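S.K.: Hey, can you work out the whole structure from these sequences and the hints?
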Amino acid sequence: MSTVELTKDNFDQIVSANDFVLIDFWAEWCGPCRQFAPVYEAASERHEDLVFAKVDTEAQQELAAAFEIRSIPTLMIVRDNVAVFAQPGALPETALEDVIGQARGLDMDEVRRSIETAKEKAGEQ
Numbered sequence: 021m022s023t024v025e026l027t028k029d030n031f032d033q034i035v036s037a038n039d040f041v042l043i044d045f046w047a048e049w050c051g052p053c054r055q056f057a058p059v060y061e062a063a064s065e066r067h068e069d070l071v072f073a074k075v076d077t078e079a080q081q082e083l084a085a086a087f088e089i090r091s092i093p094t095l096m097i098v099r100d101n102v103a104v105f106a107q108p109g110a111l112p113e114t115a116l117e118d119v120i121g122q123a124r125g126l127d128m129d130e131v132r133r134s135i136e137t138a139k140e141k142a143g144e145q
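Going by our numbering, the first residue of the sequence shown is number 21, and it counts up by one from there.
Treat the hints as calculated values from the structure; they're not laboratory data.
These numbers were taken from a predicted model, which means no experiment stands behind them.
Even for Gly, the Cβ is constructed at its ideal location relative to N, Cα and C.
Just so you know, not all the hints are guaranteed correct.
Said to hold, decoys possible - What follows is a set of in silico ranges between Cβ atoms, one per label pair, in the way DEER data are often shown:
id, residue 1, residue 2, range
1, A115, I135, 17 to 27 Å
2, D129, S36, 10 to 20 Å
3, V104, E82, 33 to 43 Å
4, V35, K139, 18 to 28 Å
5, G51, A138, 30 to 40 Å
M.R.: So, in structure tokens, the structure goes:
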């Protein structure tokens, strides 16, 4: 599967319509982004059941700002509308595969419970 270009207009629809979305925040002028691109594309071909998306931070500055992207490339993984991973830096292939495997293995019910617990604790303080 080829990657999908995310914009502020289609972001919510694509992320909410899919259970597992990997998002690469990148820019054309970014050397590490260009290095990461073939690794990301190859992973998208190996994991055809997942949605691989890209956000051009130059063209989609509002989207990049909404996610507080400070360094590119930044990889984010969204499962069931919950951001479960976000890390700047160009990952090598083995690290990307490891992150995908870990994200696949998450118990999303447990993740949601942890989020609720954290929100409750924050409200108590």
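S.K.: Please go over all the hints and tell whether each is borne out by the structure.
M.R.: Checked hints:
1. A hinted range of 17 to 27 Å holds for the C-beta pair A115 and I135, which are about 25 Å apart.
2. Range check, D129 to S36: about 18 Å between beta-carbon atoms, so the 10 to 20 Å window is met.
3. For the hinted restraint 33 to 43 Å between V104 and E82, the CB-CB distance of approximately 23 Å leaves it violated.
4. Separation of V35 from K139 is about 21 Å and conforms to the stated range, judged on CB atoms against 18 to 28 Å.
5. Our hint of 30 to 40 Å for G51 and A138 holds, since their Cβ atoms are close to 36 Å apart.
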